[in-house]
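Residue-level listing of the chains:
4 protein chains.
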Amino acid sequence: MNTFGQIFRVSVFGESHGPAIGVVIDGCPAGIPLKPEDFTADLSRRQSGSRGTTKRKEPDLPEFLSGIWRGRTTGAPVTVITRNSDRISSDYDDFIKIPRPGHADMTAAKKYSGFADMRGSGHFSGRITWGVVAAGVIARKIADKAVINARIVSVGGLEDIEKAVDEAVTTGDSIGGIIECRVKDLPAGLGEPFFNSFESVVSHLVFAIPAIKGIEFGAGFAAASMRGSEHNDPIINEQGTTLTNNAGGINGGITNGNEVVFRVAVKPTSSTGAEQRSINLETGKIEPFTISGRHDTCIALRMPVIVEAVTAIAIADLLLIDRGINSLR
Amino acid sequence: MNTFGQIFRVSVFGESHGPAIGVVIDGCPAGIPLKPEDFTADLSRRQSGSRGTTKRKEPDLPEFLSGIWRGRTTGAPVTVITRNSDRISSDYDDFIKIPRPGHADMTAAKKYSGFADMRGSGHFSGRITWGVVAAGVIARKIADKAVINARIVSVGGLEDIEKAVDEAVTTGDSIGGIIECRVKDLPAGLGEPFFNSFESVVSHLVFAIPAIKGIEFGAGFAAASMRGSEHNDPIINEQGTTLTNNAGGINGGITNGNEVVFRVAVKPTSSTGAEQRSINLETGKIEPFTISGRHDTCIALRMPVIVEAVTAIAIADLLLIDRGINSLR
Amino acid sequence: MNTFGQIFRVSVFGESHGPAIGVVIDGCPAGIPLKPEDFTADLSRRQSGSRGTTKRKEPDLPEFLSGIWRGRTTGAPVTVITRNSDRISSDYDDFIKIPRPGHADMTAAKKYSGFADMRGSGHFSGRITWGVVAAGVIARKIADKAVINARIVSVGGLEDIEKAVDEAVTTGDSIGGIIECRVKDLPAGLGEPFFNSFESVVSHLVFAIPAIKGIEFGAGFAAASMRGSEHNDPIINEQGTTLTNNAGGINGGITNGNEVVFRVAVKPTSSTGAEQRSINLETGKIEPFTISGRHDTCIALRMPVIVEAVTAIAIADLLLIDRGINSLR
Amino acid sequence: MNTFGQIFRVSVFGESHGPAIGVVIDGCPAGIPLKPEDFTADLSRRQSGSRGTTKRKEPDLPEFLSGIWRGRTTGAPVTVITRNSDRISSDYDDFIKIPRPGHADMTAAKKYSGFADMRGSGHFSGRITWGVVAAGVIARKIADKAVINARIVSVGGLEDIEKAVDEAVTTGDSIGGIIECRVKDLPAGLGEPFFNSFESVVSHLVFAIPAIKGIEFGAGFAAASMRGSEHNDPIINEQGTTLTNNAGGINGGITNGNEVVFRVAVKPTSSTGAEQRSINLETGKIEPFTISGRHDTCIALRMPVIVEAVTAIAIADLLLIDRGINSLR
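Chains as they are written, first to last, in the numbering used here: chain C, 1 to 329; chain Y, 1 to 329; chain B, 1 to 329; chain X, 1 to 329.
Just chain C, with the same shape it has in the complex (with noise of 0.2 Å):
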């Protein structure tokens, strides 16, 4: 499944090494201006280049395809693409032979009965997340009142993020991260329990980027030690306004105007510069190989802004469904 949402639908496409990638989005209000340079900031924050991020460069410049009229959206499917200019295939060729631990190459592999395009890992790859951050610059629009905040807590467990990366590209490992999204300024009422209360749609559009392994919204884990009369927060006034911020944000799976806060776990990089074993599926035996290909060290650094844009793309979504159902009154 390649779309995502219930009004604003996101749908992404493409590989790391095909000829383009990009993102479809439908159910977008009509008047919205938009021209290419909105997508500077946000496509530059995902690029590589810093200390610690993959060498791979592309302008990654967007191309507008559909939706986009005199500046602004026509209420019709908005398509922006980049293409892939900076591929080089024969850094993954022996992967589909050695499936590289860590990575999709194995179920991959399974799942589509050897047919999916592992070229750069493919649909798999981070690059696909290029759409996700054009459509989050969109979201950012509907949901303009929303101030949406994503930074690096912690990398490799240190909260001295330079020292851990310097550590790290010594030793040729790769580490993973720790990143915190606030957002301010959004109103109550966010989200449609049961099954979609805003950390469901958050969280689901979270676990959808490659690499993140967990999620805890406000006290989070920490919630699971802490008393009842501890973890409550007191609400001061009639808008809802709380002391503390246990809650993250959220109290019944719905937004109730206090600052939302949560926090993802990155995993290190799966590709590093160390030796790993894996099993040979042509000799059926395990064996050390090294991956040769540029890599990030620490992936979690180009990932705020992705992050950003899922939780700018959940928000949208449940600010149109929310004013959908109740425009009435």
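Do not take every clue at face value.
[Unchecked claim] Pairs of lysine-lysine, DSBU-like flavour, derived with a Cα cap of 30 Å:
id, chain 1, residue 1, chain 2, residue 2
1, Y, Lys-145, B, Lys-110
2, Y, Lys-35, B, Lys-110
3, X, Lys-110, X, Lys-285
4, B, Lys-141, B, Lys-35
5, C, Lys-184, Y, Lys-184
6, X, Lys-35, B, Lys-110
7, X, Lys-145, C, Lys-110
8, B, Lys-145, X, Lys-110
9, B, Lys-184, X, Lys-97
10, C, Lys-110, X, Lys-141
11, B, Lys-184, X, Lys-285
12, X, Lys-97, B, Lys-110
13, B, Lys-110, X, Lys-145
14, C, Lys-110, Y, Lys-141
15, C, Lys-145, C, Lys-110
16, X, Lys-110, C, Lys-145
17, Y, Lys-97, B, Lys-35
18, B, Lys-97, X, Lys-35
19, X, Lys-110, B, Lys-184
20, Y, Lys-184, C, Lys-97
21, Y, Lys-141, B, Lys-285
22, B, Lys-285, X, Lys-184
23, X, Lys-35, X, Lys-184
24, B, Lys-97, Y, Lys-35
25, C, Lys-110, Y, Lys-145
26, C, Lys-35, X, Lys-110
27, X, Lys-184, C, Lys-97
28, C, Lys-110, Y, Lys-184
29, X, Lys-35, C, Lys-110
To be clear, the hints were calculated from the coordinates, so they are not data collected in a lab. Since this is a predicted model, take the numbers as computed values, not measurements.
Starting from the known structure of chain C, fit chains Y, B and X onto it as the hints suggest.
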């Protein structure tokens, strides 16, 4: 949105103090043997009664309204309900006036413009999970080779669960807990990336359960502190068996044939015997108040079966989708 | 798929001779006044009793299971059921052996591998439309400005309907009919092209009703014989009023503010008193047989209210979607 | 809603005079052989050129953006586009001022608050059906045993099609037509009642095609004048073969293994050389005007392949759903 699933679709309905709660399961294969007694074990596990759980006791026997004939599913929607016999609404009358911290009282009131049925938390009550557990009983029969087990690993931060509950009961406060779910003998290939990764579908369902505030797969949050060479699970045979299981049985959003492992964090029951403070919407003043009704000291104790149920629902749907798409090969 | 709708979602369940039939309406705005008597008029119109319809009489009173409190919808799923009290299954026992022409006996048996409940046609019975009519009652309240009227325009090819029914009753045979539905005061702008044109959504729902075999909008099939200069409806004011209405109130799949007009063709009741021939699956021989149970001479007579109900459902959903997407402007 | 399908999901995008039109097919089984030449025959049939169709000629060659590798589908979304090279927007500039009767000019302007791209009818152009035909090519490969054939049975009310077109070309007016579609060798069991009857799914898709205003299955509207004993199709063997086929191959919304037959009514092309009248939104006066651009005398002539495509899409989706639900037996 009270329906979840692409093929195997589960729809819940009902309120804590309404006439009945129930579930409709659509897209259920025909011919599955199903009788009321099949529900007994799981519904009993969900039931109140043990130390640390509420005293409310209802028979909760399932009544079939549709979709069953001669002891088997017919291919038509299966509807299962149970009547609400043990209702004491007066317990809750005050909480429209003074919204309880941690509950949906205020968010539901706002979202539904004061029309939400909040007797016993209404549609936001944990009681709605009765329908989820009932659906899980059917889902298990579809995913019949998978062995799904969830258990409490800690409550109130302690692994000695009995001790933790005793302490909490003594103080009159409530406590949270952590539940771990393991799925053995699950076929490889389940999960529909990009958006419907196995983690996405499970987490979507898990966060529909009231009181859950976090989820992590495999090494989860600990992965953020690990190195790639340490986190990657070496593949040791052609079946994809891995030496370690930091991935929690999932690569690229698709099950890899190893055990699926995830943990969820349950917050302390919001209803606690301890005195709390909240806004009185009539007077506009912050007031102390105490919740006098019966309630669970540790709601987590009743939740392993619910976590198993949503896991079974996720597996059943992903299994039917995978079979559908791949059926022609 | 027993659920229809994107925001306003209607799920039907039940079998002709099962314990109950019913409907769950999800995505229903909160605050809509709703009491059992609101259903009386429409359910009575659907009811049997008049000449040309079956003698089966059930009270069919609606029982609310969820989603209603203090006489209003709460925002939670609304569940309405009615018990099946007047069941004579023995009438139908033979038809698993000899599948009745025109019925779903054989297709359902094949599709569901013999597990389908075929007592009284089971889930394929026209009785399932009870839930559709009940949902229509609620949908009308959402689409409250629209005035939806369906009426029989001919039965058995005759506009003198009484005469046609009399003739058919005399011969013991069944007859079909044509129903025309008109919707006044429908706002312009409903319909979500490309795929969810107004015609697409209405026809989807209409063809769910058993026995309907054709639909045409505006000039319909006659349009195929017209010239463009004759068929085009001149627009005569800024509101979009047209001089003629060959388009049936829809342009480009979107309502244009003029009256919506469509007609549906209803086949003769498949159950007829006349002797028929079909394969006996036990003997493998073609055998003559007669259906002795009660049945409608002209099922079309009971269907205008069902056509109105699905039209209301289509309008309610398209209205909420349109409002949702356009709510921010 | 520009996406259709439950498992095999087709999403169209693009505008007549935008950069490109295209389609994304998600839920497409892996391993289907697919090369650009596979599209030639169907896209050519849809193409303009023959007498009675517009002179606009575009190569319309398909460009694969994703989902194909080594000549086969990979299981990831398949994206196929074609660039719009032959655009003359000036033809249409006036029609925002004077909305053309029969077109979406006014409804789209209202619905999208004036932001709709109406160059060449924008997203409402028949050109969008290019993506539908492309998706149909893939759908046919999934439904590979079914033989789908649609043909013109009459235009402008005449079965002598050449004569009817000649007359219309002479008068400068446009004409409608009727298309009949027949599907042989379709397996029994397709269709998912209650709501997704085979007729519901086909008609939903058919009414997405611009200019279609009616559909009937089997005897269709004629059934309304028949008697039950005449309309019922006697079943003559255990395979369900029927002596007649008034049901059009469908009973209870499920295919019965006989030939599926349906007819659609196509209105005359709304753009006609004849002088028309409409409101001038700038002056507020009704004015005569003439459409000078190229256009089809009889758009129905280009539509059999589109009707085949949507039929193939319906079959592919229903086939995968049926296999999915029934795969475990």
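Hints and how they fare:
1. Y/Lys-145 with B/Lys-110: holds, 26 Å
2. Y/Lys-35 with B/Lys-110: Holds: Y/Lys-35 and B/Lys-110 sit about 24 Å apart, inside 30 Å.
3. X/Lys-110 with X/Lys-285: Since the Cα atoms of X/Lys-110 and X/Lys-285 sit roughly 19 Å apart, the hinted pair holds (cutoff 30 Å).
4. B/Lys-141 with B/Lys-35: Roughly 12 Å between the alpha carbons, so the hint for B/Lys-141 and B/Lys-35 holds.
5. C/Lys-184 with Y/Lys-184: violated, 41 Å
6. X/Lys-35 with B/Lys-110: Outside the cut-off at roughly 36 Å; violated.
7. X/Lys-145 with C/Lys-110: Roughly 26 Å between the alpha carbons, so the hint for X/Lys-145 and C/Lys-110 holds.
8. B/Lys-145 with X/Lys-110: Holds - the C-alpha atoms of X/Lys-110 and B/Lys-145 are around 19 Å apart, at most 30 Å.
9. B/Lys-184 with X/Lys-97: holds, 27 Å
10. C/Lys-110 with X/Lys-141: holds, 22 Å
11. B/Lys-184 with X/Lys-285: Holds. B/Lys-184 to X/Lys-285 sits at ~26 Å (cutoff 30 Å).
12. X/Lys-97 with B/Lys-110: Violated, because 57 Å separates the two Cα atoms, which is more than 30 Å.
13. B/Lys-110 with X/Lys-145: At roughly 19 Å apart (the allowed maximum being 30 Å), X/Lys-145 and B/Lys-110 satisfy the hint.
14. C/Lys-110 with Y/Lys-141: Holds, at roughly 24 Å.
15. C/Lys-145 with C/Lys-110: Judged against 30 Å, a Cα distance of about 45 Å means the pair is violated.
16. X/Lys-110 with C/Lys-145: holds, 26 Å
17. Y/Lys-97 with B/Lys-35: holds, 26 Å
18. B/Lys-97 with X/Lys-35: Violated. B/Lys-97 to X/Lys-35 sits at ~49 Å, over the 30 Å cutoff.
19. X/Lys-110 with B/Lys-184: holds, 18 Å
20. Y/Lys-184 with C/Lys-97: The hint holds at about 27 Å.
21. Y/Lys-141 with B/Lys-285: At roughly 38 Å apart (the allowed maximum being 30 Å), B/Lys-285 and Y/Lys-141 break the hint.
22. B/Lys-285 with X/Lys-184: holds, 25 Å
23. X/Lys-35 with X/Lys-184: Roughly 26 Å between the alpha carbons, so the hint for X/Lys-35 and X/Lys-184 holds.
24. B/Lys-97 with Y/Lys-35: holds, 26 Å
25. C/Lys-110 with Y/Lys-145: Holds: C/Lys-110 and Y/Lys-145 sit about 19 Å apart, inside 30 Å.
26. C/Lys-35 with X/Lys-110: Holds, at about 24 Å.
27. X/Lys-184 with C/Lys-97: Since the Cα atoms of X/Lys-184 and C/Lys-97 sit roughly 43 Å apart, the hinted pair is violated (cutoff 30 Å).
28. C/Lys-110 with Y/Lys-184: Given pair C/Lys-110, Y/Lys-184 holds - Cα atoms ~18 Å apart, limit 30 Å.
29. X/Lys-35 with C/Lys-110: holds, 24 Å
Hints 5, 6, 12, 15, 18, 21 and 27, counting from the list given before, are not met by this structure.
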